[in-house]
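Using the sequences and the hints, build the whole thing.
Residues per chain, in single letters:
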Amino acid sequence: MPDGAQAVLDVRGLQTVFKVRGGEVHAVNDVSFDLKAGELLGVVGESGSGKSVTMMSLLGLLPSPPADIRQGRVTFEGKDLLQVDPATLRDVRGGRIGFVFQDPMTSLNPVFTVGYQIMEPLRSHMNLSKSAARDRAQELLELVGIPSARARLDDYPHQFSGGMRQRVMIAIALACDPKVLIADEPTTALDVTIQAQIIELMKDLRDKLGMAVIWITHDLGVIAGIADRVMVMYGGQVVEQAPVKELFGNPKHPYTQALLTTIPKLSEERARRLTVIEGQPPILGEAPSACSFRDRCPRAIPICARRNPPRFEFGDRHDAACFVAAEVSDAG
Amino acid sequence: MLTYIIRRLLISIPALLLIAFVIFMLLELAPGDPMASMPLTIPAEVKQQMREALGLGEPWWVRFPLWLKQFFIVEPAYWIDSAFGTDLAGGQQRIISFQSRSPVFDTIAERMPQTLWVVGMSYVVGVAIALPVGIISAYRQYSVFDQAGTFVSMIGFSVPPFFSGVLLIVIFSVSLGWLPSIYDTTHSVTDWDSFVFQLRQMVMPVMVLALQTTAQISRYMRAAMLDNLGQDYVRTARAKGMSERIVVLKHVLRNSMIPVITVIALGIPSIFGGAIITEQIFKVNGLGQLLIIALQGNDIPMVMTLTFLFAVLIVMFNLIADVLYGVFDPRIRYD
Numbered sequence: 012m013p014d015g016a017q018a019v020l021d022v023r024g025l026q027t028v029f030k031v032r033g034g035e036v037h038a039v040n041d042v043s044f045d046l047k048a049g050e051l052l053g054v055v056g057e058s059g060s061g062k063s064v065t066m067m068s069l070l071g072l073l074p075s076p077p078a079d080i081r082q083g084r085v086t087f088e089g090k091d092l093l094q095v096d097p098a099t100l101r102d103v104r105g106g107r108i109g110f111v112f113q114d115p116m117t118s119l120n121p122v123f124t125v126g127y128q129i130m131e132p133l134r135s136h137m138n139l140s141k142s143a144a145r146d147r148a149q150e151l152l153e154l155v156g157i158p159s160a161r162a163r164l165d166d167y168p169h170q171f172s173g174g175m176r177q178r179v180m181i182a183i184a185l186a187c188d189p190k191v192l193i194a195d196e197p198t199t200a201l202d203v204t205i206q207a208q209i210i211e212l213m214k215d216l217r218d219k220l221g222m223a224v225i226w227i228t229h230d231l232g233v234i235a236g237i238a239d240r241v242m243v244m245y246g247g248q249v250v251e252q253a254p255v256k257e258l259f260g261n262p263k264h265p266y267t268q269a270l271l272t273t274i275p276k277l278s279e280e281r282a283r284r285l286t287v288i289e290g291q292p293p294i295l296g297e298a299p300s301a302c303s304f305r306d307r308c309p310r311a312i313p314i315c316a317r318r319n320p321p322r323f324e325f326g327d328r329h330d331a332a333c334f335v336a337a338e339v340s341d342a343g
Numbered sequence: 004m005l006t007y008i009i010r011r012l013l014i015s016i017p018a019l020l021l022i023a024f025v026i027f028m029l030l031e032l033a034p035g036d037p038m039a040s041m042p043l044t045i046p047a048e049v050k051q052q053m054r055e056a057l058g059l060g061e062p063w064w065v066r067f068p069l070w071l072k073q074f075f076i077v078e079p080a081y082w083i084d085s086a087f088g089t090d091l092a093g094g095q096q097r098i099i100s101f102q103s104r105s106p107v108f109d110t111i112a113e114r115m116p117q118t119l120w121v122v123g124m125s126y127v128v129g130v131a132i133a134l135p136v137g138i139i140s141a142y143r144q145y146s147v148f149d150q151a152g153t154f155v156s157m158i159g160f161s162v163p164p165f166f167s168g169v170l171l172i173v174i175f176s177v178s179l180g181w182l183p184s185i186y187d188t189t190h191s192v193t194d195w196d197s198f199v200f201q202l203r204q205m206v207m208p209v210m211v212l213a214l215q216t217t218a219q220i221s222r223y224m225r226a227a228m229l230d231n232l233g234q235d236y237v238r239t240a241r242a243k244g245m246s247e248r249i250v251v252l253k254h255v256l257r258n259s260m261i262p263v264i265t266v267i268a269l270g271i272p273s274i275f276g277g278a279i280i281t282e283q284i285f286k287v288n289g290l291g292q293l294l295i296i297a298l299q300g301n302d303i304p305m306v307m308t309l310t311f312l313f314a315v316l317i318v319m320f321n322l323i324a325d326v327l328y329g330v331f332d333p334r335i336r337y338d
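Residue numbers (this note's numbering), protein chains in the order written: chain A, 12 to 343; chain B, 4 to 338.
Mixed in with the good hints, there may be bad ones.
What the hints assert, rightly or not - Selected chain A positions facing chain B (in silico; Cβ < 8 Å):
1) D41
2) L72
3) T117
4) S118
5) P132
6) S135
7) H136
8) M137
Stated by the list, open to error - Computed far set for chain B versus chain A, every beta-carbon distance over 12 Å:
9) S103
10) R104
11) M245
12) I271
Unchecked claim - Each pair of labels, with its calculated beta carbon distance range:
13) B/I8 - A/S159: 45 to 53 Å
14) A/D218 - B/D235: 42 to 50 Å
15) A/S159 - B/V155: 46 to 54 Å
16) B/L269 - A/P77: 34 to 42 Å
17) B/D235 - A/G33: 53 to 61 Å
18) A/S142 - B/W82: 47 to 55 Å
19) A/D188 - B/V315: 56 to 64 Å
20) A/S142 - B/T188: 52 to 60 Å
21) B/D235 - A/D188: 20 to 28 Å
22) A/P313 - B/D235: 25 to 33 Å
23) B/V177 - A/G34: 30 to 38 Å
24) B/D187 - A/S142: 55 to 63 Å
25) B/P116 - A/S142: 23 to 31 Å
26) B/L252 - A/D218: 37 to 45 Å
I should point out that these hints are in silico values taken from the structure, not numbers from a laboratory.
Glycine residues also receive a C-beta, built at the ideal position from the N, C-alpha and C atoms.
Structure follows, in structure tokens:
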């Protein structure tokens, strides 16, 4: 959509390590990407591929210890979020960058009213008075489609259904007109009809408010419907990124290709079993020195075991980290 | 909520009657004779007459209803009479102690202030120390502070007051001579100096008892905080840009207090039970000491009345704890 627009968020060489008993887990390895204004970036990958950890690292939301952000630069509004002081970081969190989490059943505080929880960021980031914050909270609930919003401000989270709670979470994330919204599997915990509603809502809001969105999911169907650009993660690395049509039409990385074949199609004969990618995603005890997908890759060549592939360019804003796709010979 | 409270109060009536009956029968079936401490020179038939004079000649089905009547009708009547100058009691027989031959409730009223001062204050001090210790221990789990807190709690749990009390006396009264080892009950606070004296004589018993309270409550507080610190809503609060202070002391603490408040409320009846051993060590003549003396002297009316009062308090504070639970946790509704 907004090609060539200014990047609002620029991440370079991010590396996050968890210290665990008897060693380390390298959850995010040299991840770089950017996000243009108004763009919806889909991030896909299996569980444990480092999607959520990457996004939480950006805002320092991982408990430390055990998490340790070793390297990287996260440029947002001219500042490196990994270096700023805690007060500035707090202003960015909830103020300039909103966050929606996966499980709406547990993400709201059970002992405070929904209204209070929406008003909290309004009062601390925008210094609104109590009544102004209340009016704004009502507006937000209406925006995310909660009926009789005024009355529901005084309700507690347990009085809302799962879908309604996720709408409340979205309202909280949108409270201070953020430039970027990070949605971490916002529909995974919801049933399918509610999922569709939330996806529609997010599309609407993105168009209405013009913010950039990072949408983390492992549901490729969702991504195909809403994303402008897609980033595929595997083993804590970005293995491929491309505009959404390009990615679905011309996937370069064997992992992306495999992922696409796992989507069940209604038109196919019933007898076919679901396609799976054999094997397990890796848990990395150290920074990868070889392609982390090679054990599950049908097209692996000897060099895959010797070097970790860099991201090769494949035309306009399309890159993939694969020697085979880039036709790099074994000599390298 | 109100219907719930009324229903609970109604249910507690048969429960308390059953408790009263069980206590009465236990004392009835227990060996022991109020005349045992009388001089051996008193002839057996005179002793028998003395027993009958105490009402022990009657069977239990006469004495138990009589005690119930005295406890629930006569004693409140006397209390109302003395408060409002009425004449409801009309000279009916009150519950009389076998030992002192004075009304049981008068003795209890004499002993209550000492117990409330010392044991009550130790509870307040104990809770006031325990809450911040528990919060910091959980927030800085496995830090030096947390380890130290765990160690002190372990001491509080495992060292009995008959050891820690005597140890304090040896250090602060015998060696250093800073604090009095005997609690002076006759002392009355009239000016600053007498207030300071009161504080000094309270310090050691209060500390011995507060150590136990702190050990217990701080563990509960720590566990409750740890339970909540890992919850998703904490991450949400941080993602909203709330400061650590608000995240911990508002979002997490509010949730963690729910179980802790229950524990604190349930512990309050034990204040009135007095601290039997600690009161003995520091010579505080409170309710705990009264109960021990009454038990030793086979003073059945005194033991019966004190024990039943504790039962009433326990039932009452159970109800209060349940109600507080509903007040602090919006998810709990009793209607």
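Hints versus structure:
1. D41: violated, 25 Å
2. L72: Result: holds, 6 Å to nearest chain B Cβ.
3. T117: Status holds, d = 4 Å.
4. S118: holds, 5 Å
5. P132: This interface hint holds because 5 Å falls under the 8 Å limit.
6. S135: Check passed: Cβ of A/S135 comes within 7 Å of chain B, closer than 8 Å.
7. H136: holds, 6 Å
8. M137: violated, 11 Å
9. S103: holds, 51 Å
10. R104: For B/R104, whose nearest Cβ neighbour in chain A is about 55 Å away, the distance exceeds 12 Å, so it holds.
11. M245: violated, 7 Å
12. I271: Holds, because the least Cβ-Cβ distance between B/I271 and chain A comes to about 23 Å, which exceeds 12 Å.
13. B/I8 - A/S159: 45 to 53 Å: violated, 32 Å
14. A/D218 - B/D235: 42 to 50 Å: violated, 29 Å
15. A/S159 - B/V155: 46 to 54 Å: holds, 53 Å
16. B/L269 - A/P77: 34 to 42 Å: Distance hint for B/L269, A/P77 holds at roughly 37 Å.
17. B/D235 - A/G33: 53 to 61 Å: Violated, at about 28 Å.
18. A/S142 - B/W82: 47 to 55 Å: With Cβ atoms ~52 Å apart, the hint holds.
19. A/D188 - B/V315: 56 to 64 Å: The hinted range 56 to 64 Å holds for A/D188 and B/V315, with Cβ atoms some 59 Å apart.
20. A/S142 - B/T188: 52 to 60 Å: holds, 57 Å
21. B/D235 - A/D188: 20 to 28 Å: Holds, since B/D235 and A/D188 (Cβ atoms, about 24 Å apart) stay within the stated range.
22. A/P313 - B/D235: 25 to 33 Å: Given about 45 Å between the Cβ atoms, the range is violated.
23. B/V177 - A/G34: 30 to 38 Å: violated, 56 Å
24. B/D187 - A/S142: 55 to 63 Å: About 59 Å separates the Cβ atoms of B/D187 and A/S142, which means 55 to 63 Å holds.
25. B/P116 - A/S142: 23 to 31 Å: violated, 50 Å
26. B/L252 - A/D218: 37 to 45 Å: With a Cβ separation near 40 Å, B/L252 and A/D218 satisfy 37 to 45 Å, so the hint holds.
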